[in-house]
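Participant: Residues per chain, in single letters:
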Amino acid sequence: MSNETLSILLFLVFVAATLAITVWASRNTKNATDFYAGGRSFSGPQNGLAIGGDYMSAASFLGIAGLIALYGYDGFLYSIGFLVAWLVALLLVAELLRNSGRFTMADVLAFRMSPRPVRTAAGVSTITVSIFYLLAQMVGAGALVALLFGFTSEFAKGATIALVGVLMIVYVVFGGMKGTTWVQIVKAVLLMTGAALVTLLVLTEFGFNLSSLLNDAAEQSGKGEAFLEPGLRYGTEEQGLTGKLDLISLGLALVLGTAGLPHILIRFYTVPTARDARKSVMWGIGLIGTFYLFTLVLGFGAAALVGSEEISRVNEAGNTAAPQLAEKIGEIMFGDAGGTILLAVIAAVAFATILAVVAGLTLASSSSFAHDLYAHVFRKGKATERDEVRVARISALVIGAVSIVLGIYAQRLNVAFLVALAFAVAASGNLPAILYSLFWKRFNTAGAVSAIYGGLGAALFLVIFSPVVSGSEKALFTDSDWSWFPLQNPGLISIPVGFLCGFVGTVLSKEYNAEKYAEIEVRSLTGAGAEKAVKH
Amino acid sequence: MSIDKNASGTVYQRFQGTAEFQELRTRFRRFAFPMTVAFLTWYLLYVVLSGWARGFMGTELFGAINVALVFGLLQFVTTFGIAYYYSRHAGRRLDPLADKIRGDIEAEEAQGAGTAEDAR
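Just so you know, the protein sequences line up as chains A and B, in that order. Here the first sequence is numbered in my numbering, starting from 1 and rising by one per residue. Here the second sequence is numbered in my numbering, starting from 537 and rising by one per residue.
So that you can see chain A by itself, here it is in the shape it has in the complex:
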């Protein structure tokens, strides 16, 4: 049996298992709390696994291993921002959000504000961030199938994107948060197991001597010691000051963006209490941190055993480094059959990874559409629960369909920058609004709306005129050039702009509701009046 056939078989097993979960979840999804928040009945460790499953995207698994394999140290540097970011979520956001919100990020923002403008802003921002992230994952899925199975035709890529899209729609429409969470839990277990296995084999090959692994990697990369030092990918010396400022900008967006990502925030609503939310972030941090330590070994292992030249020959961005390494180390350890099996396993895991992440994103955006825009803005809070869930399901279908079409259309475009952009928008618009809401007494409607639109607007405006959209070889539009903003990531400017807009908007408005501030402050810190878990 070829590795392609085996891989497809394994993937089909995963799909069958997740569909069975979805059927079970749909039978247990009876009301809005079930659909949006999985009945708030997941335990801390379960939700921690789901957090890992939601967060560790193909961009982190294949992307970071690839970055390390090609550029050495800088790939590792990139992964650290993704991890440290979780402390912001743990210390400042997770528990307080769980105590004061119900289903979406906007619940917390709209708590003491005028609901319609704030929910509109939060809904727009949630859907924008989620669609950017979703699009990057969908295009990634198309590219991956070509790389792993050799299906290079446009049709095969398009069909893969459509398949991924249809599966994620099924998970979300029928399974809601319960189905999505279990898909993410299964994926997290598979991903951690697969990554741990390959890591262990690589370490065994090098006699558990990290130094000799690094030496070999540096030698094989052809770049020598520079491979083990920062500066080959981000802020290279040729790019000068601009490149180094870009490094800071990216670092800020990564570290501050996580706690503002809507699909991450809604995960905190799936547990019964704030204490479980804390526990789940602790588990999440443990898993995600361990995973990035694995990718460190995987990346340098790929550089040492497969070689940078061979990796970039197959894929310029290095996205196949992890699967290539799996095949190589399998061969070294167990002969040809071992290589075939290990490659198939890792390829199937990569697909499972994409599916779990896109399902989370679709759920976050459709929840926000139904709960924020439909129920509270269009129907002014008069929609019934049944109505709301029906609209959430329909919007999951629509968002899924739209992202399939956009994904197919964007196949040939370079959309890799969208993930970093999603983090930048989340850090610039959502995070200031959330932090001010929770901690600043004076904060009001004008402030919340200004923070979100100001941060979101600044990030989008700057990125449109940046080298990732036009005027460079790797831009979205390579033929024309209207760029004047030098940085690839807008965070360095747009994050302070978001915080400033929120501040100025607040002080220019006289609105202040002492009663509601007391309620959110006392509720968020004590858990009094917090939404309870559903008992079936």
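It cannot be assumed that every hint is accurate.
Stated by the list, open to error - Pairwise CB distance ranges, derived in the manner of DEER restraints:
1) B:Leu597 to A:Leu203: 15 to 23 Å
2) A:Lys380 to B:Phe569: 31 to 39 Å
3) B:Gly591 to A:Val13: 49 to 57 Å
4) A:Tyr512 to B:Ile601: 53 to 61 Å
5) A:Ser480 to B:Trp588: 43 to 51 Å
6) A:Phe477 to B:Tyr621: 27 to 35 Å
7) A:Thr236 to B:Tyr621: 34 to 42 Å
8) A:Tyr512 to B:Gln647: 28 to 36 Å
No lab work stands behind these hints, which were simulated from the structure alone. This one's a predicted model, so the numbers in the text were calculated from it and none came from an experiment. Note that CB positions come from ideal geometry on N, CA and C, so glycine has one too.
Since the structure of chain A is already known, use the hints to place chain B on it.
Facilitator: Only chain B this time, still in chain A's reference frame:
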């Protein structure tokens, strides 16, 4: 804990003013805010050194292990450490007090003073 039931405002406003709640708020903020500043500074220092102090970062310590790698791994250690330290702090210093105040609020709301429920 007795609170003045004749004081004006909602149950939450009355509890917000109690010494107990103020103590809880202080304990939370005194931990979370400086710690956030500390880990963000520590992370930015790492990123800035990666950009501007490459000679230092490239210094080999033992074998192929250099300062950059150790600094990066230290970010993992501090992240795990701060997470653990926070959860211990929360379990010892925040949770018991939060539980006590929540119990008092719920008891008072059960007595029919549930203005917050009605308002929703």
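Participant: Next step is simple, just say for each hint if it's right about the structure.
Facilitator: Going through the hints against the structure:
{"no.": "1", "hint": "B:Leu597 to A:Leu203: 15 to 23 Å", "result": "20 Å, holds"}
{"no.": "2", "hint": "A:Lys380 to B:Phe569: 31 to 39 Å", "result": "37 Å, holds"}
{"no.": "3", "hint": "B:Gly591 to A:Val13: 49 to 57 Å", "result": "51 Å, holds"}
{"no.": "4", "hint": "A:Tyr512 to B:Ile601: 53 to 61 Å", "result": "55 Å, holds"}
{"no.": "5", "hint": "A:Ser480 to B:Trp588: 43 to 51 Å", "result": "34 Å, violated"}
{"no.": "6", "hint": "A:Phe477 to B:Tyr621: 27 to 35 Å", "result": "48 Å, violated"}
{"no.": "7", "hint": "A:Thr236 to B:Tyr621: 34 to 42 Å", "result": "37 Å, holds"}
{"no.": "8", "hint": "A:Tyr512 to B:Gln647: 28 to 36 Å", "result": "29 Å, holds"}
Comparing the model with each numbered hint stated earlier shows that hints 5, 6 do not hold.
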